[in-house]
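Trainee: Just so you know, the sequences run in chain order R and L. Under the working numbering, the first residue of the first sequence carries the number 15, and numbering increases by one thereafter. Under the working numbering, the first residue of the second sequence carries the number 61, and numbering increases by one thereafter.
Hints listed in this document are in silico derivations from the structure and should not be mistaken for laboratory results. In this text, a Cβ means the ideal position worked out from N, Cα and C, and glycines have one as well. There could be a bad hint or two in this list.
To be verified - In silico EDC-like links for lysine to aspartate or glutamate, alpha-carbon gap of 16 Å or less:
(1) K427/L - E114/R
(2) K404/L - D417/L
(3) K75/R - D313/L
(4) K508/L - D151/L
(5) K428/L - E116/R
To be verified - Which residues of chain L face chain R? A partial, calculated answer using Cβ under 7 Å:
(6) T99
(7) G102
(8) P103
(9) P196
(10) D199
(11) S304
(12) A312
(13) P314
(14) S316
(15) H318
(16) T419
(17) G421
(18) E489
(19) F490
(20) N493
(21) I497
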Amino acid sequence: MSSILANLKQITSKIRSKNAGPFWITIDIFFDKADSYKKVKKTLSLDFVSKYLNLPQKYIKRFELDSLKVIKISIQRAVTQGNIFDRDLHGAQLANLFSELEIN
Amino acid sequence: MSTKILVPSGVLGLGFDQKALNLGLKRCPDIICIDGGSTDSGPFYLGTGTTKYSSEICKLEWKTLMKAREQIGVPLVIGTCGTCGTNNMVDWMFDMTHSIAKEINQKVRVARIYSEKSAEQLKEALSSGKVFPLEPAPDIDQRKIDTFTHIVSLAGAEPFQDALNKGADIILAGRSTDTAIISALPLMRGENPGACWHGAKIAECGAFCSSNPSSGVILLEVDKNGFTVEAMAKEAFCTPRSVSAHMLYENADPFSLHEPGGTLEVKEASYKSLDERRVRVIGSKWMPSSNYKVKLEGARKVGYQTTMLAIIRQNRYVKEAKKWSKKLYGLGVEKIVSVMNIPKEEFTIDIRLIGYDATLGHLEKSKKGTPNELGVLIIITAQSQEIATEISRLLNPYLLHLPLTDQEDLPTFAFPYAPAHTERGSVFEFTLNHIQILDDPISGFEQKLDEFNFG
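Next comes chain R alone, as it looks inside the complex:
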């Protein structure tokens, strides 16, 4: 049985990321279709996200909001917002890592 690789952007209605204060970034993944939401809930486990972002699990919070069909992932920023090594002041470009993630 062949499986078609789609990236997350194609099966979600919106993916966004933003600072939640200077020390955290929060990523919201919105789904329109219940079956995509259900499938991705399984794939985007805490373990998967930890490996994908190269971040230990203790620095990640993961939420499933079934009524909204949203997966929320909040991570402690590796670099505090505005620190001299911060590459993205508002934390909004991190979402692209999830938009472009291929899921089968």
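With the hints as your guide, set chain L onto chain R.
Mentor: Chain L in isolation, oriented as in the chain R frame:
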């Protein structure tokens, strides 16, 4: 019985739709509330005690709101004045209010609420065991606190309530939680506390919780059982989805929100459409805490920066840019230490490759191949502007001409302007992610009351 709060926009300086504001005023709100800032734009503003938005724009918007306030005879409240909420920014809004009141012949009672703390006050609180780190928190100690340029605590609802009780027409507050600005009046009037805080959280960004975020204006109505939210612009609609999704915005946790005095829990909240424009929410819970905790923010200067930018169009160098930039870095650091005699701990050189991974750094996973051209941004941080710029002079020939091997012609990359360096001045960092336990919610926030009589 209910309390109506009109929120013109998410922040003063961002703009709002005048028609929507007028529609909101017709609904007879009990108060007009707006936020003045946040940490969202980085540590520079708190570090320097300056505002992000244009003074002229802020003055224009504030004048409109002062006129609206007078028209319907209700209080006008702003929190976190001047982006960072430092004392001088409260006074900046005070001067602006004064000059506008004079210009438009207003008689107003103006309250100022100050949120800044001195290093001495914070050191004292720390040694009394009143300060606790959140996760993750920078390390702080007595010596480090002395280096902070500004320290603020986030005011809760009580200082606002106190000013309202003193008959303030206009309240100008320093750093406060966005929600406290809005929840103060409905809480005072005995509305459902969960609804007060949850409604405030939804309304604090203005029309972001609606289908038309840039229209700005939102009307929040809070009563004993819940709250209703409605966007004022004709083409803006609030739906259960847009409103419930807004709890996710800029929050690490979508269910619990810590505020001064307690925690808002929204897991049991239910969202219902009253009609195509309005949403009613019930079931939000306020859990008061046994001690009164406020969040602290602080910033310190970390140095001075000079930057350089070169653009590489040569395909081979674009392909080998990572190897090339490592070589540049190594040679540069070695020369700075040996020739300029600056220890490694006193400077940093950060090279970002725009076209590869300038935004995501080591997290970048794209395999798109080489771009047409690459921007090489070098950010130098040092202990003085002169040293940072002197380092840029040392790196200049490398950035312009460094060859991949010794057996080839020197390349010449593109500098987009002359001189090649740009001085950025001081740079700052956030130094606190801590809470402080207060003995009472008001005494830590000094207040001043003034009357302007130009009417």
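Trainee: Look at each hint and say if it fits the structure.
Mentor: Hint check results:
1. K427/L - E114/R: Holds: K427/L and E114/R sit about 11 Å apart, inside 16 Å.
2. K404/L - D417/L: Between K404/L and D417/L the Cα gap is close to 25 Å, so the pair fails against 16 Å, i.e. violated.
3. K75/R - D313/L: 8 Å, holds
4. K508/L - D151/L: Roughly 11 Å between the alpha carbons, so the hint for K508/L and D151/L holds.
5. K428/L - E116/R: 14 Å, holds
6. T99: Holds, because the Cβ-Cβ distance from T99/L to chain R comes to roughly 5 Å (cut-off 7 Å).
7. G102: Cβ of G102/L sits 3 Å from chain R, so the hint holds.
8. P103: Holds. Min distance 4 Å.
9. P196: This interface hint holds because 5 Å falls under the 7 Å limit.
10. D199: Hint on D199/L: violated, closest Cβ of chain R at ~12 Å, above 7 Å.
11. S304: 6 Å, holds
12. A312: This hint holds: A312/L lies near chain R, its Cβ roughly 4 Å from the closest one there, short of 7 Å.
13. P314: 6 Å, holds
14. S316: 11 Å, violated
15. H318: Because about 11 Å separates H318/L from the closest Cβ in chain R, which is outside the 7 Å limit, the hint is violated.
16. T419: Check passed: Cβ of T419/L comes within 4 Å of chain R, closer than 7 Å.
17. G421: 6 Å, holds
18. E489: OK, holds: E489/L within 7 Å of chain R, min 5 Å.
19. F490: 5 Å, holds
20. N493: Status holds, d = 5 Å.
21. I497: 20 Å, violated
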